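> Okay, here's what each chain looks like letter by letter:
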Amino acid sequence: MSEADLRDAMAEIAERAPVPPADLLERVEAGHRRQQRKHTVTAAFCAVLLVAAGGWVLSRPTDRVVDAFQLPPLPANLPLITETWPAATVTGALPRPPDGQDPIAMGRIDQRHLLVWGRVGRGSAAARSTLWNYDVAAEVYRPMAKDLQARAVLTTVMVGDDTVVRVEQFDGGIAISYSLVDGSHMVRLARTMNGVAGIFVDGRSVYWSTTLPKPLVHRMTISRSPIEDLIGYEGLTVDGTAWARNADSTRFKHLVTGEERTVVRPPGADELECVAAFCLGHDPTGWFLQHTDGSERTKLPYPGTPTLIGGYGLVLLAGNVLLDPVRGKLGIAARRSQCDVVHTSRGGEVIYGWRESAGGRCAGNYWTAYIGAED
Amino acid sequence: MGDDRLFADFVRDRGAALYRYGFLLTGNHHDADDLVQEALIKVRSRWTRVVRQDDPTGYVRTTMARLHVSWWRRRRREVPSAALPEEPVVDRELDRVEGSAQAARVWAALALLPPGQRAVVVLRYYEHLSDPEICAVLGISRGTVRSQVARALDKLRAAGVAKLEEVTS
Numbered sequence: 014m015s016e017a018d019l020r021d022a023m024a025e026i027a028e029r030a031p032v033p034p035a036d037l038l039e040r041v042e043a044g045h046r047r048q049q050r051k052h053t054v055t056a057a058f059c060a061v062l063l064v065a066a067g068g069w070v071l072s073r074p075t076d077r078v079v080d081a082f083q084l085p086p087l088p089a090n091l092p093l094i095t096e097t098w099p100a101a102t103v104t105g106a107l108p109r110p111p112d113g114q115d116p117i118a119m120g121r122i123d124q125r126h127l128l129v130w131g132r133v134g135r136g137s138a139a140a141r142s143t144l145w146n147y148d149v150a151a152e153v154y155r156p157m158a159k160d161l162q163a164r165a166v167l168t169t170v171m172v173g174d175d176t177v178v179r180v181e182q183f184d185g186g187i188a189i190s191y192s193l194v195d196g197s198h199m200v201r202l203a204r205t206m207n208g209v210a211g212i213f214v215d216g217r218s219v220y221w222s223t224t225l226p227k228p229l230v231h232r233m234t235i236s237r238s239p240i241e242d243l244i245g246y247e248g249l250t251v252d253g254t255a256w257a258r259n260a261d262s263t264r265f266k267h268l269v270t271g272e273e274r275t276v277v278r279p280p281g282a283d284e285l286e287c288v289a290a291f292c293l294g295h296d297p298t299g300w301f302l303q304h305t306d307g308s309e310r311t312k313l314p315y316p317g318t319p320t321l322i323g324g325y326g327l328v329l330l331a332g333n334v335l336l337d338p339v340r341g342k343l344g345i346a347a348r349r350s351q352c353d354v355v356h357t358s359r360g361g362e363v364i365y366g367w368r369e370s371a372g373g374r375c376a377g378n379y380w381t382a383y384i385g386a387e388d
Numbered sequence: 023m024g025d026d027r028l029f030a031d032f033v034r035d036r037g038a039a040l041y042r043y044g045f046l047l048t049g050n051h052h053d054a055d056d057l058v059q060e061a062l063i064k065v066r067s068r069w070t071r072v073v074r075q076d077d078p079t080g081y082v083r084t085t086m087a088r089l090h091v092s093w094w095r096r097r098r099r100e101v102p103s104a105a106l107p108e109e110p111v112v113d114r115e116l117d118r119v120e121g122s123a124q125a126a127r128v129w130a131a132l133a134l135l136p137p138g139q140r141a142v143v144v145l146r147y148y149e150h151l152s153d154p155e156i157c158a159v160l161g162i163s164r165g166t167v168r169s170q171v172a173r174a175l176d177k178l179r180a181a182g183v184a185k186l187e188e189v190t191s
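If you read the protein sequences in the order shown, they are chains A and B. Heads up: the first sequence at position 54 corresponds to 67 in the working numbering, and the numbers run straight through without jumps. Heads up: the second sequence at position 145 corresponds to 167 in the working numbering, and the numbers run straight through without jumps.
Honestly, the hints are just simulated from the structure, not real lab data. Worth double-checking, as some hints may not be accurate.
As the list claims (entries may be wrong) - Residues from chain A that keep clear of chain B, each with C-beta distances beyond 12 Å, as calculated:
hint, residue
1, P108
2, V149
3, A150
4, Y246
5, V269
6, P297
7, W300
8, R374
To be verified - A short, non-exhaustive set of chain B residues, derived as facing chain A with CB atoms under 10 Å:
hint, residue
9, G24
10, R34
11, G44
12, H51
13, Q124
14, Y148
As the list claims (entries may be wrong) - The calculated lysine to any residue pairs, modelled on SDA-like cross-linking and capped at a C-alpha distance of 20 Å, are:
hint, chain 1, residue 1, chain 2, residue 2
15, A, K227, B, A39
16, A, K227, B, G37
17, A, K227, B, S122
18, B, K177, A, E16
19, A, K227, B, R36
20, B, K177, A, A17
21, B, K177, A, S15
22, A, K227, B, A38
23, A, K342, A, P92
24, A, K227, B, D35
25, B, K177, A, R20
On a predicted model such as this, the values are computed, not experimentally measured, just so you know. Beta carbons: idealized from backbone N, C-alpha and C, even for Gly.
Kindly generate the complete structure, drawing on both the sequences and the hints.
Right, here's the structure in full:
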């Protein structure tokens, strides 16, 4: 074997590496904040940050295309998240589960319950792994699935109407399985050596994508029909919503209806980020919204730099104001000054975390809100 | 563009490459995942400084290599289990990612190397770094790099990855 052969062999091996999880950035940001907090706050706050790390939920992603964006003026007294999205779930720090595991919020079962993954130890030292149903109001854990393989990493969870589909990464590959929401009737659906980029559950079907040797979308029913490669979705990946998209989010295709949306970049735009419902862009005249096809281009009438959070399509405005431009909703997490703000999206839902600052110090409790399109 | 966005872009753009590097360093998916995430968390806290350097990727690569060696010094080596708890459905993707016999031999031989030697081999033959660059990444002397390479190649030869004397410097 020559030097070139050795290099080639290593390059070939490297192609079998795991694909980064879709929420890698969120995990890193959460870990970063957790590290920061270790230096400044009590251990209780560390568990709180894991909430921000985990979070996700299913909510039905929006299929709506509106004729015009709804951009209400900023009122003097902005409504709170709980007023604008009354069905959103807002929770404080996750307490430790009964057996002392580190809790990570993986998703929302309903307005009152979170799906929480707990594991004792990590990596090869992991000793025990459990999936919990956590009652946010009562602050009580109920076990859903006990004695999961400890070394397996629970990478993705999707909560359907009555089922929970989960993706676990083992040393020997990726396993996709489902159970009823109460944790019963767990069935292993499939396994793959290839990385699972994302999953989506609709009724009795599970969609997931793999990325090697090229992105493909697969489908099977939870009654374990043969795995089917979806024709016409090559190059697209599932991101937890009903819309598969390409790597730079310029092409979307609905997993169930097959509807396609291709992003039209307007001339002069120096930034353009899209979800299936709309795009947020910037050109020399300022920030604007448009549909993916370029229609209904509308200047944003708000000050500052907006950020597209993702999910079903929330925009974070200056001053930590959340905007749903499709439904014309505005909300704010707290009337007092916020700090340690984190935001992410998982599946179709937006997860927003914050603390309140007082007297110039960021020392309040940490809160997390889970907001879906229909909340 | 703020540093936060730059970091997000960096993770998005370089994440897959870092996972490949981490996979070669650690030898399994699980530890690669842990290694990349822990390294990025460390880098995140210094990002304002890192991003102003010429080579943020190199900085992360260094962090990962040192973390990996450090981990393996701290913990016992464990043979990962490929067994899944339930009978799996046959997945056609499995066949598509089978490697060549040559790659399989190299992979098996790499598993025999201790982390320091493995890191040197990965940096040299996968990342294509020169000896001085490997010195900088691992924080070791050039003599140590050379001795690590020599020992690693001895083991690879002994494991049946033939004619590696051709690659010695």
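> Are the hints correct? Go through all of them and say.
Structure-based check of each hint:
no.	hint	result
1	P108	holds, 24 Å
2	V149	holds, 27 Å
3	A150	holds, 32 Å
4	Y246	holds, 15 Å
5	V269	holds, 22 Å
6	P297	holds, 16 Å
7	W300	holds, 14 Å
8	R374	holds, 20 Å
9	G24	holds, 9 Å
10	R34	holds, 7 Å
11	G44	holds, 7 Å
12	H51	holds, 4 Å
13	Q124	holds, 5 Å
14	Y148	holds, 4 Å
15	K227(A) <-> A39(B)	holds, 16 Å
16	K227(A) <-> G37(B)	holds, 17 Å
17	K227(A) <-> S122(B)	holds, 18 Å
18	K177(B) <-> E16(A)	holds, 16 Å
19	K227(A) <-> R36(B)	holds, 18 Å
20	K177(B) <-> A17(A)	holds, 19 Å
21	K177(B) <-> S15(A)	holds, 16 Å
22	K227(A) <-> A38(B)	holds, 14 Å
23	K342(A) <-> P92(A)	holds, 10 Å
24	K227(A) <-> D35(B)	holds, 17 Å
25	K177(B) <-> R20(A)	holds, 17 Å
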